[in-house]
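Visitor: Residue numbers (the numbering used here), protein chains in the order written: chain A, 9 to 231; chain B, 9 to 231; chain C, 9 to 231; chain D, 9 to 231; chain E, 9 to 231; chain F, 9 to 231; chain G, 9 to 231; chain H, 9 to 231.
Treat the hints as calculated values from the structure; they're not laboratory data.
Listed next, the stretches of chain A that the computed footprint assigns to chain G, with coverage defined by at least 3 CB atoms under 8 Å from CB atoms of chain G: (1) 124 to 136; (2) 164 to 178; (3) 193 to 201.
Quick look at which bits of chain G chain F covers, simulated, 3 or more residues with Cβ under 8 Å: (4) 28 to 36; (5) 179 to 189; (6) 201 to 210.
The C-beta atom is built at its ideal place from N, Cα and C for all residues, glycine as well.
There are 8 protein chains.
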Amino acid sequence: GYARIDHDRVRRRGFAEVVYCEGKTPEQSAEILARLAARGESNVLGTRADVETFELVRHMVPDAEYHPVPRAIVVRRGSERQIGSVMVLAAGTSDLRVAEEAALTASVMGSRVERVYDVGVAGLHRLLREIHRIRQARVVIVVAGMEGALMSVVAGLIDKPVIGVPTSVGYGAQLQGLTPMLSMLTSCVPGSSVVNIDNGFGAGYLAHMINELGEGVHGHRED
Amino acid sequence: GYARIDHDRVRRRGFAEVVYCEGKTPEQSAEILARLAARGESNVLGTRADVETFELVRHMVPDAEYHPVPRAIVVRRGSERQIGSVMVLAAGTSDLRVAEEAALTASVMGSRVERVYDVGVAGLHRLLREIHRIRQARVVIVVAGMEGALMSVVAGLIDKPVIGVPTSVGYGAQLQGLTPMLSMLTSCVPGSSVVNIDNGFGAGYLAHMINELGEGVHGHRED
Amino acid sequence: GYARIDHDRVRRRGFAEVVYCEGKTPEQSAEILARLAARGESNVLGTRADVETFELVRHMVPDAEYHPVPRAIVVRRGSERQIGSVMVLAAGTSDLRVAEEAALTASVMGSRVERVYDVGVAGLHRLLREIHRIRQARVVIVVAGMEGALMSVVAGLIDKPVIGVPTSVGYGAQLQGLTPMLSMLTSCVPGSSVVNIDNGFGAGYLAHMINELGEGVHGHRED
Amino acid sequence: GYARIDHDRVRRRGFAEVVYCEGKTPEQSAEILARLAARGESNVLGTRADVETFELVRHMVPDAEYHPVPRAIVVRRGSERQIGSVMVLAAGTSDLRVAEEAALTASVMGSRVERVYDVGVAGLHRLLREIHRIRQARVVIVVAGMEGALMSVVAGLIDKPVIGVPTSVGYGAQLQGLTPMLSMLTSCVPGSSVVNIDNGFGAGYLAHMINELGEGVHGHRED
Amino acid sequence: GYARIDHDRVRRRGFAEVVYCEGKTPEQSAEILARLAARGESNVLGTRADVETFELVRHMVPDAEYHPVPRAIVVRRGSERQIGSVMVLAAGTSDLRVAEEAALTASVMGSRVERVYDVGVAGLHRLLREIHRIRQARVVIVVAGMEGALMSVVAGLIDKPVIGVPTSVGYGAQLQGLTPMLSMLTSCVPGSSVVNIDNGFGAGYLAHMINELGEGVHGHRED
Amino acid sequence: GYARIDHDRVRRRGFAEVVYCEGKTPEQSAEILARLAARGESNVLGTRADVETFELVRHMVPDAEYHPVPRAIVVRRGSERQIGSVMVLAAGTSDLRVAEEAALTASVMGSRVERVYDVGVAGLHRLLREIHRIRQARVVIVVAGMEGALMSVVAGLIDKPVIGVPTSVGYGAQLQGLTPMLSMLTSCVPGSSVVNIDNGFGAGYLAHMINELGEGVHGHRED
Amino acid sequence: GYARIDHDRVRRRGFAEVVYCEGKTPEQSAEILARLAARGESNVLGTRADVETFELVRHMVPDAEYHPVPRAIVVRRGSERQIGSVMVLAAGTSDLRVAEEAALTASVMGSRVERVYDVGVAGLHRLLREIHRIRQARVVIVVAGMEGALMSVVAGLIDKPVIGVPTSVGYGAQLQGLTPMLSMLTSCVPGSSVVNIDNGFGAGYLAHMINELGEGVHGHRED
Amino acid sequence: GYARIDHDRVRRRGFAEVVYCEGKTPEQSAEILARLAARGESNVLGTRADVETFELVRHMVPDAEYHPVPRAIVVRRGSERQIGSVMVLAAGTSDLRVAEEAALTASVMGSRVERVYDVGVAGLHRLLREIHRIRQARVVIVVAGMEGALMSVVAGLIDKPVIGVPTSVGYGAQLQGLTPMLSMLTSCVPGSSVVNIDNGFGAGYLAHMINELGEGVHGHRED
Ligand SMILES: Nc1ncnc2c1ncn2[C@@H]1O[C@H](COP(=O)(O)O)[C@@H](O)[C@H]1O
Ligand SMILES: Nc1ncnc2c1ncn2[C@@H]1O[C@H](COP(=O)(O)O)[C@@H](O)[C@H]1O
Ligand SMILES: Nc1ncnc2c1ncn2[C@@H]1O[C@H](COP(=O)(O)O)[C@@H](O)[C@H]1O
Ligand SMILES: Nc1ncnc2c1ncn2[C@@H]1O[C@H](COP(=O)(O)O)[C@@H](O)[C@H]1O
Ligand SMILES: [Mg+2]
Ligand SMILES: [Mg+2]
Ligand SMILES: [Mg+2]
Ligand SMILES: [Mg+2]
Ligand SMILES: [Mg+2]
Ligand SMILES: [Mg+2]
Ligand SMILES: [Mg+2]
Ligand SMILES: [Mg+2]
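Kindly generate the complete structure, drawing on both the sequences and the hints.
Guide: Shown next, in the form of structure tokens:
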């Protein structure tokens, strides 16, 4: 009764419903994940999952994996081909949880992912040293807390779509991430857009969609 | 003294600096636009421009165009080829100003643009009737004021990147666009991202970049 | 000394004072509930009650019931007749706590309640499949977290009063429910109104009052 | 191109699309209103309309009426029967604009409307003197600015659904109506719900729907 | 080193510095309280104190008292005369903590205090029944959470200064007390003013000062 | 129809209803003021009135006065006795409008008013020089914009009730007065309370009530 | 009566009171400026002054100057020596008003001022090209609207105190400057601090004080 | 992989990267601190560190110190010379944590630090008694919670740069420090600027930079 899985989603959008485990009981999350895995139409992903939920899933789906940094559950049921690539940047070490959620999501969906971490604007040369490599990617995710200035700086230096992910890292006027979120939204550099605070999942998902376009995968799955 | 034009931008990002005319004197805006037009490296765009600014520009650049709905100035100096396409949806008639800014920007940068307007969720069948056509585009811009629910509904029905543009259309709890902005950022549907309130320009710019990727234009212009 | 029960309320409003147990000591809540049960003029309801409070109540009122999902205490002292009906929709599994508080309240007051859960706009066909059944109800409660877009979509499809209940399900820009609350208040679809975040109780109460009107129960109890 | 009238709305929801004239050009508003009037399936309503818009409408639809206090345009094309009733309360004289928008909307849709104005809680006896009359109505709209306390007081005294309409009347901490809006949403009295700030239209619309239910009009128009 | 007691305060303002124990270590709070008690110039009050702090104080000052509801420590060192009176109203049982802090403060400073609790506007007759008694007081404190409407209603019925104390009782749009705070500040009834959320102490302190004025105590202590 | 004057107010609260002219038409305001003046039971006050409203009043009530700084209309119909006193402090010259509204209100109600203006904390010695005189008053109103620090400083130096009036003077982070309002509410000095931003009227009204208490005027008018 | 000039300020703080002309009548501003000029103890500055105010001042003080970009009035009465230097950076042309207010203030107080304008992070090379020159200054003011990222980038590249001035340039999520203000306050780069939105004056004033310290001017004027 | 230490920072900015331990695992923080200590180019500082992190560091760096009040880790690797001085003021005992973070930071960087604590404006004479001593410092840090009025008062009395540090000490309308932050930003006294809420570190860092300027240390380290 409580869950009405959108089994049509793989056909319509190319990837199974992703389960947001926060606010569900471990039993609810596990059951939904197991049912999605059983269909086996695409890789299966559960985000914001604790270890207790994972243990329940593993009982039902022995090959399920747990990724502790992004707190995610993955069941591999799709092709292993990886296209791309998607670049994930993180401003500081404290932003890793979110960056890894983005990287895992894009990867599970089929993108090749590269990472450049701890390149906040406090020491700009660290970023500039990697800029050539960053420019090779098809789409760039910038994960940053504090004031989120990294996103504007990156967007100004490259000519690919940039997805900003503000994080809740910081305190006081950082307002649990509202400040970098507002900051990224009012960036003086065009070519970027923003997802919700700490929403690594959403950024990885969108990055993969853009990456697919660049590969010449032109969908219209529904039709 | 007051302006330091980023003439390197065409090489670095593929399109000349776009002039945000609000908060500049008409003289300042006009001079910058004329100097960019004189270089002739790409089309030139000035946004949020009033007629007075346009008159000054026209004196210096006779073939400049004024687009009254989005209040934009255009000088054609680039190729006329159009790739694509970019789809622009608008929820209501009052959102047209912003929708047209997005459409013009993408078009001036080189995208073929399609429009589907007044398809707010109050009469869902209007949207569903067009959904097949919407799915043909490479990237979809959704312009919506009030509560901005249209973006989630569209993103749930297609498998292409969606760019949400919240508008300030509404009153009271709409908070001059903050409500649809927050709403779009917390959408329960992945595959979308958000630009600033009323920022048709930013949406059109990003949409064109994604559209280019889909065309196989793989940049790395700088290198 | 601490509580001044409004014993006139059944006569004036048709239902006994409902006890909001949060912020009261278990002893205070239990005593008030027991005194209301002792009068036996109508069913008795305590919301946001923990198990400790319930144990105290059960000592004094052996036939008291505890409903763990909505965390509510009920003592049946009224008629068993149920009129109706009230429809409760929930966007996601995480919204169940609130949806069940709404459903229980309406039911305890005398409404027949129907439920359609997990019909968020990410997979619209799930909602459309049930729309005929939803239209049969006299009044519809829509419980939704994230951006709350479900309420507008439902209101646009039916011709009955819709009560929106924003929930605190989500994170970041969801602002503990402020975002769907603002969103529902600025809905582009008329025919709806909104209660406080997570206030399933208030929605159920109002829905029952409207349902009663539809039954031809025309009150003026006071006079 | 700019407007896609939802002509299905009368069948689906019992009343034609209401035109929100703010943010549209007078020409756009007038044309839409004229087209709706031409179909003649129900009364036609345009809200937030200025006199210039009305003059354009009158050219095309000679029997159009203008209501200056709520700034609304009405074209009568429906039945003249009035059911009900809907009671509209206003806390102060400055709230009249909004109260009259609510009253007009309910009336144009087919409800008999009664008014009790200037009964703010500063002089409670004014309200108490009218309470018997207020209790006769099927549904009560409470329009109040400042802190909006009137809604709670009224809801506590009657047993009918109450619709709160916060207004932007006040200054400073009144926050253009956010304060009474939040206040009404957190009312300690159940049986009420809230619409957007200054949204007399939405309150009147919903009140009529509830009033209809009380009349035994049980819709399911779509089916 | 950490504390610089303002020993001049009794002479300047008629009452010793009151110790806000939150955010201090128990040792710091206890030492300051003991030093104030040792001077013995007036009663001594510590607010927001936990039992651990009290135990430390009792070691040094055996006749110290602990008041668990308002979580306050009192050492009696002043006159026992009580003038007055100060009336404390509370809207609901959950507001008692704050109401008792107000009552204790005024009493410890030398006011006779009366209490009327659980008279929220949901059952107005409960308040009206006590209104005669309320009018006898010199100054009235109104403690209310949720939307705080009680303050306006009381102020409209009496002709004495009213001090509003918004509380954090409620959830969602109540915003931890910001809503009743804003509400009380924008009250449509003059003759009232507001202190910080949950600040029973500040209300009791001010009430006593006003009460003293009414007694003909005309200070100018400093001079 | 639009106004229901609370003629009972003089008996109940000692002063006629004060008319808030903002948001009323000049005709509405003028008529209400004239009717109050005609009863002649107390002085009559209209706040936030423009000259146009005053001209209409003067036609009907030739002895009406206009006070341009606070934009208020006064009709003298009460006793001329003045008790007191009430002290009005203003931090800066830009706060005068509000300070004069407070001073006029208290004076029209029967208080003797003293003024000390332009004593902001930037030059503390200006305040200290007047502190002896300030201590003579029964109650002190502090009008301050910017950050509103003056209120805390004054309250710390005297032993009389202090009423803080935050003003909207300032820009940016001053948030149209929200900053000094919040600041005054969280003052580290007890003995003060706060009214709405720019609400000189409310401060003057309350100050007079407190002043009256100090005079031994003990009301209970209603009984 | 309305103004109490702090003539002690030159002795205490080294510079005469600066007049904030907004919210004062032109007559009030002009008179205060003229009186300060008459004392002739230091240069005199009036900020946010319109031309009307200036014309009044010029009548009384013929050598007064008007600076239209920052809208400031200056009367030279101090030494002409200039120490330094203070560097003023501006992100965009629209920030000039504020940048020039900062530059003028520091200069009028006695600092040599250098300017580097239009070096926003969208074209980082423009900034990097000037970084050597920027490093020569003793203190750097960064004026930036939109998201204000320039301040962090600059602070990371130099080893001098940085003063951030957020401006209200931008729209939507820029929140009239709150976004860059919050952004600068949560900068991931230490060595900076922030003044109010658009407060060029405050930045210039503080910069001069720091510059003076670097010159070996060690004040203690008061003593 | 996770950390990219900015080893260039000592050369560029004169002090090693300071490690913000919140949001990092103890292992991550400890490793970074140990690597910085190993280079031995300057003192090393870790802020917001818990004891567990310190224990890990001590294993690797036996002479590391832990400062429990500001929760900081220090490793001495720089010169012991102290210039200055920097004055740290705290309004109340509850602000000590933040004040000590500021004092420690400035001291570890090479400043001589003086402290004057518990001098809030409630008892102004405590501050005035120390004002002569405060004036001797080169730069003054003011740490204050509640409404933060102390900063304005101090800035008005001295002629040195003032750095305001709002703290989260307080409740309700204090908004976890937003109120004193906004308050300090809108101070009516020039010569001050503000850092983030509770950011003692940032204030100490900046104070040291200014102190160095006053010593004649003129950097341009990079060049
Ligand atoms: N970490 C996440 N953040 C935001 N949305 C998510 C996340 N994980 C899953 N979702 C989406 O949230 C929705 C939750 O749906 P459900 O699991 O049915 O409650 C799905 O449509 C997912 O696409
Ligand atoms: N005054 C009003 N306030 C809020 N919504 C309105 C108002 N007037 C009309 N509407 C609704 O707003 C929507 C506007 O649609 P449109 O006229 O197509 O832009 C319609 O669905 C109307 O139901
Ligand atoms: N300047 C003012 N600010 C706030 N309230 C006011 C002001 N002037 C009058 N009022 C109050 O506002 C209420 C307005 O009532 P009315 O004039 O009936 O709309 C009255 O109760 C007055 O006491
Ligand atoms: N307590 C603190 N508050 C604010 N920023 C800090 C604090 N401690 C260190 N930082 C800065 O925060 C940044 C964090 O960098 P990282 O340690 O690489 O994540 C560094 O540039 C530090 O200068
Ligand atoms: Mg689901
Ligand atoms: Mg530029
Ligand atoms: Mg009760
Ligand atoms: Mg339409
Ligand atoms: Mg103290
Ligand atoms: Mg009235
Ligand atoms: Mg002055
Ligand atoms: Mg680092």
